[in-house]
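J.: One-letter residues, chain by chain:
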Amino acid sequence: VRRRFVVRAAVVVTAAALTAACSSSGAEDAAPSAPTTTEPQPTPCEHLPVREGCASVTVGDQVIRYDLVRATLATAATTLIDLGGPGISVLSGDYRLATIAGSSEMLEARNSLFIEEPWVTAELTDGCRQRLDELGAAFLAPGTGAPELDECFFDDDGELLHYGFTAEMFAAAVAEIERVEKIDVSRVVAASFGSVRAAYLGRPLPGSVLWKPFPVGLDLADILAARAAMIRTWLPPGTDPAQLTDRTAAALVALGYSGRAEFERRAPEVLANGEGEETRRLDRSVWSIYGDHTVSPAYLAYLEEVCNAVPDARLSGGPRPDAPPADALDRVFLAAHRACDSVPERSGRAPSLTIDPSWCFVASEHDPVAPINLAVLAFGRPPTATLGPDEPHIDTGGLSVCSGVTTS
Amino acid sequence: MFLDDMARLGRLYDTADLGVTSVSGGPAGAVTVVSPSGYAPVDVETASLSENGADRSGFGVAMVADSAPAAPQSRVGLGFGAGVNAVGMNYKSGACATQFFTPQYAAGSDHRLTTCWEKWKSSSDARYIYNRWAWFTRANPAGGYAGTLDFTIRSRPWAGHEGKVTAFLGHTPAFPNNDCGAQANASLSVGPGSLSIPVHRCASTSILENANTKSGGMDWNGQTAGQLFLDFGIAINTNAEPVYADYSWMEVCKSLVAATCPGNPSQYLIRKDSGY
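Respectively, the protein sequence lines represent chains A and B.
Positions in the first sequence are counted from 1; adding 124 to them yields the working numbering.
Positions in the second sequence are counted from 1; adding 137 to them yields the working numbering.
Because the hints were derived from the structure by calculation, they are not lab data.
As the structure is a prediction and not an experimental result, all values here were calculated from the model.
Ideal placement from N, C-alpha and C gives every residue a C-beta, glycine not left out.
It is possible that some hints are incorrect.
Some but not every residue of chain B turned toward chain A, in silico, with C-beta under 8 Å [to be verified]: (1) L140; (2) D142; (3) A144; (4) R145; (5) L146; (6) L149; (7) D151; (8) T152; (9) Q210; (10) G216; (11) V224; (12) S324; (13) L332; (14) P335; (15) Q364; (16) D368.
Listed next, with one range per pair, are the computed distances between beta-carbon atoms [said to hold, decoys possible]: (17) A/E388 / B/A263: 21 to 31 Å; (18) A/R253 / B/E299: 39 to 49 Å; (19) B/G307 / A/E232: 22 to 32 Å; (20) A/D185 / B/E378: 43 to 53 Å; (21) A/L501 / B/G363: 47 to 57 Å; (22) B/E378 / A/A396: 26 to 36 Å; (23) A/S482 / B/A296: 53 to 63 Å; (24) B/D141 / A/E402: 21 to 31 Å; (25) B/N358 / A/V500: 51 to 61 Å.
Modelling step: build the complete structure from the supplied sequences, incorporating the hints.
T.: Following this line, the structure appears as structure tokens:
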């Protein structure tokens, strides 16, 4: 064996930076890959790398990936931990699932199951990619017409495409995972939109947790109005909501996820500099925009599930007749949900969830994502525990407040 | 593709925050690195050999991050969801880069490596966890067989910044493991803080922990036409924010059939850490 050559290549930074990137990746897309007998078919868990334990089941035509973090001592007893969304990539490694699974006494001695939303691995048609690009441009230039998204929800044969769960798909996936893994999902920890996933299951789940829950069964118009109202109460004194620009309002909605203290620290910069870099980044994040102006398919998952989880989504063309005149905060929420009209309507009832006294129900006092007053209305009881006004919606620490509360 | 892949992982990058570095020449052909500004290749090594009529190539890229690489937009969207959960640890910074290597054989795609890191700081003191991971897929040959024989990732303090790391506190995975399966999880603790490291598919790996150089790494050896994934974490004590350099090394063989691909694995290629 003869070593032919060894080269240390020079590093050159090209000026035409991104065209090089596109040609490189484009070559991969465009080149025909001749079928060979040696090419392994990627497993579903290799389709896009995950950074958690990963396995998959198939229900109907849909492959569902999941991570089952098993308890130290073998048991069938399993808690489904749903971190909400829709539009999160739960196996990305960013959620540190093992840390969550070990974060509370009530989770110990049980397996923890995390299920990934279909959008993470869903393939997009060229037409849908184009619509998402146009949609991003429309979001960034309020007042311009947004494209219809029908091409994203139907294939060429008119078959439905999925990015989020349907109730049937979710329940079937859990049943199949139970069969394959020989486990029994008898509890949920339902964070935020996880409450809707708990409703999909349609089974009694005594001793479960509702964590800052999405108010299952309430009208979208009321939920959005309450979200906007909470953000208005956080504005610095003297700020007139009617004077907010659409971009500033979108940035403030994004800031709302970080809790009141963080909102109050960062909002003045956004308000003072509506065209600044901070505002621009927050604006893009609320619309899930990446690249130049492409909307992430996470948004399709959001639309598919949220628009079907509420009774009134297809009435979302405007505020209620008795609502105050729309300001920019209202307009941000309306713009985000206008595309509900493109989402295929599901047959059957909207999901509903009844919780018994064994559930631990936790809400935070000021939550502009899942307002506490709506959660109390939706679930018909006061919270087991109320977290303070500075609690960020996205924080899942503190599950131990439910330890000792659950009894089953 | 980098942007699309990152989006599926919940990381939304602005085009303006990305840079592309091309590396000229070399027997393994052109190397193109797509990364956020602030995380860039500093050295590239390529090598190849021919044995028994089969071409084999190896290539390594060293990356270094400054203290504040461009960050993706927060993973907020409009959804009703939860966020990252770490106990007693604060996320400081992180980035991924994707590297495309032109294969030496006719193929419908490039070799493709994505390498990522994250820095987490204890909320109560100056201890850090540096988490590094990467995945590699060799180019799909137009005919015959191609397989990956070696995939190694290492990280150590960047030259000139060694003094910032005062002690090496731990490495995970903590020991070589040939049977850890696909469901393994490990965690690192620094005082009251801890972070789970989602160690994934770690069979046939060895651990490249070195307390003296405050460095860590993992080395996979075997033969596969599939995708490879490595992930490790190190815990360190510091007197300033540490700066780590990342190194990746892959070796790919090509032949008509799998059995003849590895050739003689003991005879070749630079494996030294000259790049970092």
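J.: With reference to the structure, classify each hint as holding or not holding.
T.: Against the structure, the hints:
1. About 5 Å separates the beta-carbon of B/L140 from the nearest beta-carbon of chain A, less than 8 Å, and the hint is met.
2. Hint status for B/D142: holds, given a least beta-carbon distance of 7 Å to chain A, under 8 Å.
3. Annotation: interface hint on B/A144 holds; nearest CB of chain A at approximately 5 Å, less than 8 Å.
4. For B/R145, the suggested interface contact is upheld, since its CB lies about 5 Å from the closest CB of chain A, less than 8 Å.
5. About 4 Å separates the beta-carbon of B/L146 from the nearest beta-carbon of chain A, less than 8 Å, and the hint is met.
6. For B/L149, the interface hint holds, since its Cβ comes within 8 Å of a Cβ in chain A; the closest pair sits about 4 Å apart.
7. For B/D151, the suggested interface contact is upheld, since its CB lies about 7 Å from the closest CB of chain A, less than 8 Å.
8. With a least beta-carbon distance of about 5 Å to chain A, the hint placing B/T152 at the interface is held under the 8 Å criterion.
9. Proximity of B/Q210 to chain A holds as hinted, the smallest CB-CB distance being about 4 Å (cut-off 8 Å).
10. Given the 8 Å rule on beta carbons, the hint for B/G216 holds: about 4 Å separates it from the nearest Cβ of chain A.
11. Taking 8 Å as the C-beta cut-off, the interface hint given for B/V224 holds, the closest approach to chain A being about 6 Å.
12. Interface hint status for B/S324: upheld, as the beta-carbon distance to the closest one in chain A is roughly 7 Å, under 8 Å.
13. The criterion of a C-beta within 8 Å of any C-beta in chain A is met by B/L332, whose closest approach is roughly 6 Å, and the hint holds.
14. Hint status for B/P335: holds, given a least beta-carbon distance of 5 Å to chain A, under 8 Å.
15. At about 5 Å, the closest approach between the beta carbon of B/Q364 and any beta carbon in chain A falls short of 8 Å, and the interface hint on this residue holds.
16. About 7 Å separates the beta-carbon of B/D368 from the nearest beta-carbon of chain A, less than 8 Å, and the hint is met.
17. Against the hinted window of 21 to 31 Å, the Cβ-Cβ separation of A/E388 and B/A263 comes to about 29 Å, which satisfies the hint.
18. The given range of 39 to 49 Å is respected by A/R253 and B/E299, whose C-beta atoms sit roughly 46 Å from each other.
19. Between B/G307 and A/E232 the CB atoms are about 23 Å apart, so this pair conforms to the stated range of 22 to 32 Å.
20. For A/D185 and B/E378, the Cβ-Cβ distance of about 48 Å falls inside the hinted range of 43 to 53 Å, so the restraint holds.
21. At about 51 Å, the beta-carbon gap between A/L501 and B/G363 stays in the expected band of 47 to 57 Å.
22. Checked against the hint of 26 to 36 Å, the C-beta distance between B/E378 and A/A396 comes to roughly 29 Å, which is consistent with it.
23. Range check, A/S482 to B/A296: about 59 Å between beta-carbon atoms, so the 53 to 63 Å window is met.
24. Look at B/D141 against A/E402: about 26 Å separates their beta carbons, and that is inside 21 to 31 Å.
25. At roughly 58 Å, the beta-carbon separation of B/N358 and A/V500 lies within the given 51 to 61 Å, and the hint holds.
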